[in-house]
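Participant: Sequence:
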Amino acid sequence: MIATPYPSTATHKIGGQTVPNVLIHEVIDGKPLYRKGYREVLAKTKAVEDIMGSSSLQFYIIEYLLRILFKNLEEERFIIATNEAGIHIDKRNNIAGDILIYEKDVLTIDKINKSYAQVPPKISLEVDLSIELEDISENAYINLKTKKLLDFGTEKVIWFLTESRKVIIARPNEEWIISNWDVPVHILDDITCNIGAYLKEKGSEFA
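For the record, in the sequence shown the residue sitting at position 56 is 56 according to this note's numbering, with numbers rising by one throughout.
Just so you know, these hints were derived from the structure itself, not from any lab. Beta carbons are placed, not taken as given, at the ideal position from N, Cα and C, and that holds for glycine. Only true hints are included.
With a straight-line cut-off of 25 Å between C-alpha atoms, the simulated PhoX-like cross-links for lysine-lysine are:
1. Lys46 - Lys36
2. Lys91 - Lys111
3. Lys148 - Lys91
4. Lys122 - Lys104
5. Lys156 - Lys91
6. Lys122 - Lys148
7. Lys147 - Lys91
8. Lys202 - Lys71
9. Lys104 - Lys114
Distance windows between CB atoms, simulated:
10. Thr82 - Lys36: 16 to 26 Å
11. Asn113 - Lys200: 40 to 50 Å
12. Ile68 - Phe206: 12 to 22 Å
13. Thr45 - Gln118: 34 to 44 Å
14. Gly30 - Val183: 36 to 46 Å
15. Glu49 - Ile109: 31 to 41 Å
16. Ser54 - Ala207: 16 to 26 Å
Please model the complete structure; the sequences and the hints are all you need to start from.
Facilitator: As structure tokens, then:
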């Protein structure tokens, strides 16, 4: 995903070296955040394709979440966006989402075009980080991105972190909740998920 509402216009440089826009995952506060492994691509020790995909654990979790959502959300009310769906908040902030739930009366058909969505999702679901942590810590990035989404109008941001097996749930003007991922997590209406229980049921070592 290219972090601009108009992808062909993105250009960035590091030390005089042009960074292909495909290596830019997001832009927050005007600062480009690069994909994990981008330096290896610039050094030509890896191809772009080598760093583009998710791990099998990540896509397994995303597939589980998508099945729940497609099965339970009302098609006439909601749009489910995935595949690093882009959000254009303003000229200094373009972010990506693993799974975004939009209300159709917010993301109306006249707002569907070839640029990033410019209205807030109702719910944002994130599975791990896709950026190279260089000048920012994991916690700082999660806090910053979550705050941007909440300030933009998103009602709930949920992070599923595979390394710590934790879930972070953030809502505007409320204390954030951090829990193990083997407890039920409320997504929307009467829809819940339980990553840990699902992985245990399937025999995964990561339950």
